[in-house]
Amino acid sequence: MHARQNRVSELIASYILFEIGSTTLFFIGAKAKQDAWLAMLIGAALGFVLVLFYWGTYLMDPKRNLFQLFSHYLGKWPGAMLTILYAVYFAYEASRNLRDLVELAAFALLNRTPLFILTLLAILVIGNSARYGARIALQLCLALLPVVIVSYSALILAIIGKGMLRFEYMLPVLEQGMGPVVQAAVPEIVSFPFAQTLLFLVYFPLISSTKKMGKSFFLTYGIVALVLTIVNQINVLVLGPTLAEMMTFPLLEVVQLIELAEVFERMDVLFVLVLFIGLGFKVLLFYVGAVTGISEISGTGYKRWVIPVGLFIFASSLTSPNFSHHMWVGIDVVLNQVYPYIQMAIPLLLFLVMFFRRKKRLQS
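Just so we're aligned: the sequence shown equals residues 348 to 711 in the working numbering.
In case anyone wonders, no lab produced these hints; they're calculated from the structure.
Errors might be hidden in some of the hints.
Unchecked claim - Each computed DSS-like pair below joins lysine-lysine, with the alpha-carbon atoms no more than 30 angstroms apart:
#1 K558 / K707
#2 K410 / K650
#3 K559 / K410
#4 K410 / K423
#5 K707 / K559
#6 K423 / K706
Stated by the list, open to error - Quick list of simulated restraints, FRET-style, between CB atoms:
#7 S563 / L695: 18 to 26 angstroms
#8 Q530 / L620: 31 to 39 angstroms
#9 E515 / Y688: 37 to 45 angstroms
#10 G526 / G587: 15 to 23 angstroms
#11 S563 / Q530: 31 to 39 angstroms
#12 V533 / R708: 32 to 40 angstroms
#13 T666 / P425: 26 to 34 angstroms
#14 V700 / Q530: 28 to 36 angstroms
#15 N669 / Q530: 35 to 43 angstroms
Here the structure is a predicted model, which means the values were calculated and not measured.
Idealized CB from N, CA, C, for every residue including glycine.
Let's have the full structure, built from the sequences with the hints guiding it.
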């Protein structure tokens, strides 16, 4: 009996939760100040070009996932090295999102609980979901997506209804020219969150029907990019660009300002729970991607590697002594210096190798 294949709707739901994940937690494109919306749109447009290459890579060989493509097209040893590299990359990304999740929990709800305990509890819950594999992870995302959509819709309506938006904070437009906007977009916004779509080369082959998947996926990309731009700009419109840049979790500060008829005065608690869903699923999807890669390279069962990879994620998330160091490593070191190779250069090399090998095969 064949295992049930996932539906396109499950992939789309997973992608929405994945992109929202930790993105709404921060003020993205802070270097551009009030022009962050423009930096977001430029980052999304450049990210779309990368996603087209990822999609083209998948279409040339839709039955193999990312790790299988490395081995098949780049040779045994280069493929093995790249499989290890990307499994570690996915595990490291899971650890970064795990640290974001526990820092948020400590900041908003459990400030007297040691970070170690919060991290341990989070990885145990997420690891329990990860042991069921990629197919169940995608189905779980579909089940919880409506909660996230309703919550964010209510949040935006509440902010608009309370008259909290001050559009004068967006002026003057391009005060310093396009320079700061482009610097904010490249490579930071391209890399986070849009180039992280690379992970879905692990999940694309699980989908039963590819006919409608491309159109649905790219439509979703456009809608998600627009929503992320709007939510990100709310930080500016409520707090102002200077204050938004200074805040650790600016959107949480915005939510704490909402009071509805003196009844709903702690909407930040609801918002934190919604953020937990997004962050938790982002950790889960990266976690499953890492375990899939290690299972592929070792030739052993998937479940055997759930605990070792979970331990790596747990340990990696605690390497930074504080949240400021965690952010510095994530942006200044990893995102600007390492990820352009992992998210852009190597996937484009794989695409070109596959393209020319396919072209040669068709000619012969």
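Checked hints:
1. K558 / K707: holds (26 angstroms)
2. K410 / K650: holds (22 angstroms)
3. K559 / K410: Within the cut-off at roughly 17 angstroms; holds.
4. K410 / K423: With a Cα-Cα distance of about 18 angstroms, the restraint between K410 and K423 holds, given a limit of 30 angstroms.
5. K707 / K559: holds (29 angstroms)
6. K423 / K706: holds (22 angstroms)
7. S563 / L695: 18 to 26 angstroms: holds (25 angstroms)
8. Q530 / L620: 31 to 39 angstroms: With Cβ atoms ~35 angstroms apart, the hint holds.
9. E515 / Y688: 37 to 45 angstroms: holds (41 angstroms)
10. G526 / G587: 15 to 23 angstroms: Holds, at about 22 angstroms.
11. S563 / Q530: 31 to 39 angstroms: holds (33 angstroms)
12. V533 / R708: 32 to 40 angstroms: holds (35 angstroms)
13. T666 / P425: 26 to 34 angstroms: Holds - the Cβ-Cβ distance for T666 and P425, about 29 angstroms, lies within 26 to 34 angstroms.
14. V700 / Q530: 28 to 36 angstroms: With a Cβ separation near 32 angstroms, V700 and Q530 satisfy 28 to 36 angstroms, so the hint holds.
15. N669 / Q530: 35 to 43 angstroms: violated (26 angstroms)
This entry does not satisfy hint 15, going by the numbered hints stated previously; all others are met.
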